[in-house]
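**Q** Residue numbers (my numbering), protein chains in the order written: chain A, 1 to 409; chain B, 1 to 67.
Derived by calculation from the structure, the hints in this document are not laboratory data. One or more hints might be untrue.
[To be verified] Beta-carbon label-pair distances, calculated as ranges: (1) B:K37 x A:A270: 18 to 24 Å; (2) A:A270 x B:D30: 30 to 36 Å; (3) A:E131 x B:K21: 29 to 35 Å; (4) A:V135 x B:D28: 51 to 57 Å; (5) B:K37 x A:K323: 41 to 47 Å; (6) A:G134 x B:V29: 56 to 62 Å; (7) A:R305 x B:E41: 39 to 45 Å; (8) B:V29 x A:N339: 29 to 35 Å; (9) A:H277 x B:K37: 16 to 22 Å.
[Stated by the list, open to error] PhoX-like cross-link-like pairs, simulated, lysine-lysine; straight-line CA separation at most 20 Å: (10) B:K37 x A:K290; (11) A:K329 x B:K37; (12) A:K290 x B:K13.
C-beta atoms are modelled at their ideal positions from N, C-alpha and C, and glycine is treated no differently.
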Amino acid sequence: MTPISLYELNLQVRSVLEGTLSEPVWIQAELSSVSIRGPHCYVEFVQKAENGNTFIAKAKGQIWGNKWALIRPYFEQTTGQPLSPGMQVMVQVEVTFHEIYGYALNVIDINPTYTLGDIARRRQEILRQLEEEGVINLNKELELPVPVQRIAVISSEGAAGWGDFQNQLLNNEYGLAFTVKLFPAIMQGERVEQTIIAALNQIVAEQDCWDVVVIIRGGGATSDLTGFDTLALAENVAQFPLPVITGIGHERDDTVLDIISHTRVKTPTAAAEFLIHLGVDQLMRIDNLKAQITDGAQNLLHQERLRMERLMGRIPTLWELFKTNRQVKLDNLFMEIRNGVRTLLDRQQHRMELITTQLHAASPERIYRLGYSVVRKNGKAVRDASTLQDDDLVEITLEQGIVNAKIQK
Amino acid sequence: METNGQTYNEAIKQLEDISRKISTGELDVDALADYLKQAKELVEFCKQKLQSVETEVNTILGEQTPD
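Chain A with its partners taken away, still in its complex shape (with noise of 0.2 Å):
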């Protein structure tokens, strides 16, 4: 039994796959690691059991210059994402075995709708799970505080977006008070979802000192957001007791936590003009109350001029009214008086006629001259014939003279 040299090992190897796996093939897996190195990118494929955690193969790749000058702007522009680890991809592979470097996957084609299906499963995945747990909209349904001033910041240090958004919030042209602090994570890569459920923790830790919260990711058009679409970070943020505000996603598509979050803004300096928004919306509150207020009170005063201009204008009529009503007050009076004491007059007059009148009925002489006498006794008018007696002595007047007599019955 004579050995074989390892090279010719390999070389034999090497024959029988060329052999058997000539035609390129498809192949559906996950991507573990990239890393790109001059014009070439290298790559690892996986697939993991069932339950997530154990890998059941693996397998190096590499994606040669030339075809990795096609596929990555392809693949970027359609998923609006860089190819990054964690995504689930469709490759089309040349099955290679090099003497020295072994088997590796020679990727010459890519379906990056098979990796944007996936992304949006995996989206589905988490929104379904958080409606579950019917949390999903808990974020959306608080209530912004009013004034919004102290806002908490989550965002990578060095980020341009985070430079971008304190300029433009605290050089704001109406004057507006904001108090911004950074609680920095990282927001690129496997580390996001831990740094920023680290950082929500500090904030959580400071609430009352905080009004809302802010996630912002400045940065180019295409980002690795594979990060942001986890489940823990999203049901951290969906119960996330104050507001939070987020700008992660870019133009085309949000991530779980764009989605879940109280309000989803596309750029940094998008979420600083939000924030820039409310106070002048408050400003503006207030200057319409005190127009209102102002407007209100010269109405007023307006209308109590003209109640007074109108009161004053018909003073001097009320005046003549007035006057010419006393005086007619006062002529009706004087007629009433001179009537009064005319008919007084008259009155008396009539009386004193009907006095003299009667009196002069009354008087004797009348009654002598109609041919009565007037029998007297002792100086007393007789009417009673039976009060004289004989012999009395009687004197009766005439119209002409007097005589005395006796009584003889």
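Assemble the complex: chain A is given as a structure, and chain B must be docked to it using the hints.
**A** Okay, now just chain B, sitting in the frame of chain A:
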């Protein structure tokens, strides 16, 4: 001590109340002057709250907001 949001809310509600009173004519001329004065103070208070540099957080954290 109320958080600054809460006192701001109180002030702005009072402003709304005064505005309503004036517009519904509940206020007569005599009361008008006092209410106007109060409204003026409330406006200043609210604006000051929005634009004042020292907010409650600073005092706690002892930070100075970058001006």
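**Q** For every hint, state whether the structure bears it out.
**A** Structure-based check of all given hints:
1. For K37 (chain B) and A270 (chain A), the Cβ-Cβ distance of about 41 Å falls outside the hinted range of 18 to 24 Å, so the restraint is violated.
2. Under the hint 30 to 36 Å, the C-beta atoms of A270 (chain A) and D30 (chain B), about 51 Å apart, miss the expected range.
3. As the Cβ distance of E131 (chain A) to K21 (chain B) is approximately 47 Å, the hint placing it in 29 to 35 Å is violated.
4. Here the CB-CB span from V135 (chain A) to D28 (chain B) is close to 54 Å, well matched to the stated 51 to 57 Å.
5. For the pair K37 (chain B) and K323 (chain A), the supplied restraint of 41 to 47 Å holds, since their beta-carbon distance comes to about 44 Å.
6. The hinted window of 56 to 62 Å between G134 (chain A) and V29 (chain B) holds, with their beta carbons roughly 57 Å apart.
7. Checking the proposed 39 to 45 Å range against R305 (chain A) and E41 (chain B) shows it is violated: the Cβ atoms sit about 26 Å from each other.
8. Taken as a hint, the range 29 to 35 Å is violated for the pair V29 (chain B) and N339 (chain A), whose Cβ atoms sit roughly 51 Å apart.
9. For the hinted restraint 16 to 22 Å between H277 (chain A) and K37 (chain B), the CB-CB distance of approximately 32 Å leaves it violated.
10. Distance hint between K37 (chain B) and K290 (chain A) is fulfilled; the C-alpha atoms sit about 12 Å from each other, no more than 20 Å.
11. A C-alpha spacing of about 51 Å is found between K329 (chain A) and K37 (chain B), which places the hinted pair above 20 Å, so the restraint is violated.
12. As the CA atoms of K290 (chain A) and K13 (chain B) are separated by approximately 13 Å, the hinted pair is consistent with the 20 Å bound.
Of the hints listed earlier, those the structure fails to meet are numbers 1, 2, 3, 7, 8, 9, 11, in rising order.
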